[in-house]
Each structure stands twice: as structure tokens, then as C-alpha cells.
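Turn these sequences into a full structure, and let the hints guide you.
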Amino acid sequence: MKAWIAFWNILRKDMSTYYLKPPNISWGLIFPLAWTAMFFIKSGTGFSIRDILPGVIAMSILFGTTSMLAVTVTFERKGRSFERLLLAPISLNLIMLAKTSGAIIFGMFNALVPIFMASFFIDLAGVAWIPLFLSIFFIAVSSTFLGLFIAVSVSEVFEAQTFSNFFRFPMIFLCGLFFPIDQLPVWLRVLSYLLPLTFGADVLHAAVNHAGRLPLWLDFAALACFCVGLFAFSLRNVKRKWIL
Amino acid sequence: MTSTFCIEVQNLTKYFGETAAVKQINFQVMDGEIFGFLGPNGAGKTTAINMLTGLARPSSGRILFFGVDYTADIKKAQHLMGVVPDESNLYPELSGLDNLTFCAALHGMRKNERLSRAEELLHEFGLTEAAGKPFAHYSKGMKRKLTIAAGMIHQPKILFLDEPTTGIDVASARQIRQLIKDLNRSGCTVFLTTHYLEEAERLCDRIAFIVKGAIVRIDAVANLMRDFEGRNVIQFGLQGGTRSLASSVEESFPFLSVEFVSEIQLRVYSEETIDIAALIQFFKDRQVEVIEARKIKPSLEDVFLRVTGLETGILKNEKSQGK
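In order, the protein sequence lines correspond to chains E and H.
The first sequence lines up with residues 1 to 244 when you count with my numbering.
The second sequence lines up with residues 1001 to 1323 when you count with my numbering.
No lab work stands behind these hints: they were computed from the structure.
Here a beta-carbon is modelled for each residue, glycine too, at the ideal position from N, C-alpha and C.
It is possible that some hints are incorrect.
[Stated by the list, open to error] Partial selection, computed: residues in chain H whose CB lies under 10 Å from chain E: (1) N1050; (2) G1054; (3) A1056; (4) R1057; (5) G1061; (6) G1082; (7) P1085; (8) E1087; (9) L1090; (10) L1094; (11) A1104; (12) K1111; (13) R1114; (14) S1252; (15) A1277.
Written out as C-alpha cells, the structure is:
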């Protein structure tokens, strides 16, 4: 019970201190709008909202989670307030889960914005909602844990931002959201399957456009493996680098 | 929890690569005492505290709290301790009250309990009026007080205080020292590090001196001071004297030992009565003007000098340089 009081309060503090601030809420709204507008300008009026919806959802989650978590954890670490969490009588696993839960929720909220906006323009009747929400959850978790992995690998806020982009931009172009993976050179195809977003994007394509390439169970299994792997690796790094 | 030792450290060692930051230290802290942990910068104080509080892993040795070995998992003992680091580590964007209630929540305290405890501490530390202000807007003294309050929020059995009065005004420092005494009287064991030897002398029951990762002496303050009982110390304020004066005094007065404690202050030590008039005449003959001559009561500074082989000025300089 005591551990859960701590968990809930870490989550609540992060939500009110970082995620529910007006700049971040506006980021969550403006980001999907900007991406949709970009596609509109690029292809004139001839683009299909349904085709770009999985991409905008995925990017909203990816950017929302990684940019926030990598920066907040690095910031708290730099200001030594993270030490206060390490001195609390709760397990490191629970501390890190509490720290990441805020980003996961923020990422999922970001994903709902383009869906909500799309509902005004297209008929979403054919969407497979359960796989869609499961994929949103898994993309949010894996992206957040990627942000955590970045946060525990750097010591400065600017390094966190640079390192985030090192992962984010290749992921956008290699995950199959905008360029079909089948059309990529073989070595890039191998690389794309080493990225969690590839599997998340595949579920999104399947849920929105019924155009998935892999079986859903395989996508979810791969996403679960990425989540567990990134979290375990991050915890190992925290123990190794922060508890000297 | 039957042991009379609140903390027991056995052969505790910490290596960073090839370098031993802490070398096989052994000490016990009694339940209910104020234990001072003194040493110059880089002596291994912070590394030792980090190992005791779970922020660093020992390379070898054992750490026991109340007789239970927690070496393998200090986390399990963290509910027993409050930690006040040398730099405030609270959340700048949260108010004083929110910082305290958040710290209480980290220890699993329920909402009503943490709110009443936070208000009680804010009142005790004279911060009630600033309770709603963001921590970032607090003065240095207020930040220090709130950080100490945050360390005490869950009423720990042991409080680790790292440099509690460094960099704050005299009135706040005095208030903090009083709070430490009151806290100790209420049954809390205090593990204190400080660069201010007078503070350690005034507050601590026992003191451990750590130099270059090794503990060189542990004893009760009274016992440490006893070494200097019967020893006479006269301090001269001089104008026109040079460092070579010390050796010429020792040559002329073989039963005296002499040292310069600053550019213009010379201390003369002897187990026998010191003939001040003879010394003043000695200085006068060498065109050295004596501004003052006063008897010095032996202090922890003298003990520190003897056990560490360092100058007390080193500690003060380190702090004034913000190390």
C-alpha cells in the first residue's frame, strides 16, 4: 500500500509539474495538426486522411513521450531531485514505472488527438478499435522506455534532445509509416525490424486500413519484447551509473 | 531491533576503479547519539554516507542498522533513515508545503497524516508564511531549513545531515543547530558531517575523523579534548614577525612547541606554565610588536590538527571556495 501511495504521488507530481502545463498540452494539439497540414500541403488536396492517420498517430506518441521523458528525467537528475526518489524506501522498478507512467499517459493522450480530429472528416466505422488502442498503448510504452533509455544514457538535457533525434528520425522513415518496408534496400529492411515503431506502425496500418504485413500476435509479441528489454536495460544502467 | 548500535560499519571499503575512496572503515553509532563524521574534502565522507544511505554500493564490508545486516539491499533500511544532502535536492517548482507532502508520500504516508506533519514542520521551522511559495523563490537559509524538514518528515530513526549550516546566515545556522539538538532529544540518532569544527564540538557526542579514506580516530568529544587537558596554549598576535620566528622561539625555549596559525598569529604550546613576559621580551628584542597575547582553551581544532596532521584552515578554505 505504501509503495502505491508513493507511485501515485510521483505520477501525480509529474503530471502536474510537466505534462499538464499549457505548453505541453498545446504541443499535444498542435503537433498532429502540423503534421496533417504538412501532408496536405505536400500532396495538394489529393491525400487520404485514412492513409496518413496511422503515421500521425505514431509520430504524436513517439515525439510526445521521448521528448518529455528524456528531458524531465535528465533535468531532475541534474538538479539532484532524482536522488530523493532513489532515497525513498520503494523499489527502483516501481520508481521508474512511476516516472514513466506520466509519459505513457501523455503519449496516449497525444494519440487520441488525431483520431478525434479525423472523426470530423472521415468515417471511422471500419477501424478495428481494440488493436488500435492496444497498439497505441504499446507504442506509448515502448517509446517512453526508449526515452528512459536515452535519459539514463546521458547526463545533460541537450544531450538527451540530440540523442532522442538520433533514434526518432530514422524510426519515422524506416518503420513503414510513409515508405513501404518492402521497397527499402535489404539492409535497411533488417534495420527497420530492429525498431519497435515498425511493429507498432504495422498494427496501426492493420487497425485503420486493414493493411498490416505481419500477424498481429507477432507485432504485439515484438512490442512486448522491446518494452521489457528497454526497461530492463534502463534499470541496469540506473543501477550501474546512478548508484555507484 | 535489539542492538544498541544504531549503525554498525564493518570493514567498509569502496573502490572507484583502482582508487580506494574508503578503506576498511569500522565504526558504530549508538542509538540516540549525535555522531560527527569529520574530515577534509576528498577524505571519503560523502562516499561513506552514500554507501550508508543506498546511493553507492560498497566494494566490500558490512553495514548493519540496529543489528540487521542490510549490506546487500540498503533499500530495505531506507524507511529508517532521513537524508539531508549538502545541497538542497527539493523540487524548485513545487511550493514548500507540496515539497514536504510529496516527500511524505514517498515514504507511504497517508494524505491527512502527511498534510498535518508538513504543517507541523513548517511551523517548527518558521516557514508557515512561505508554505505556498515555490521552493525556487526561497532564500538560502529557508531552502536549507525546508530540506532538513523534508528529511525529517517521516520521523526517521536516523537522520544523516551533510553540512547542515554551510552557506547560511548566523541566525538560521543557530536555529538549525537548536533544531538538531531538539530532534536528537526526541530520540532521533543524528549522523552529522560538517566543516565547522566548533559546530561539531558543540553538537556531537562522539566524533570520527576520516582522512584519505581511513578513520584515524573515533572518540567522545570529552575524551578527545582530554588529550589537551593540562596543556597550556598562548596565542600571540604579532606584527613584523616572519615564519622563521617559530624555530627561533623553539631554540630559545626548548620546552615550547610553536606554530603560526595565520600570517600574524603564533601559537605557543607547553605542558608547563608559559612565561608570557619572557616571550614578549623575546619578540621585542627582535623588533616584533606584540599586539595581543591570550590564553587559548583547547578546542576540537587542536584535536583535528593532531589527528589529521592537517591545518584547520584547510577545512575553512574548502567551504569558502564552495567545494
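Cross-check of the supplied hints:
no., hint, in the structure
1, N1050, "holds (7 Å)"
2, G1054, "holds (7 Å)"
3, A1056, "holds (5 Å)"
4, R1057, "holds (6 Å)"
5, G1061, "violated (15 Å)"
6, G1082, "holds (9 Å)"
7, P1085, "holds (7 Å)"
8, E1087, "holds (6 Å)"
9, L1090, "holds (7 Å)"
10, L1094, "holds (7 Å)"
11, A1104, "holds (9 Å)"
12, K1111, "holds (9 Å)"
13, R1114, "holds (9 Å)"
14, S1252, "violated (54 Å)"
15, A1277, "violated (57 Å)"
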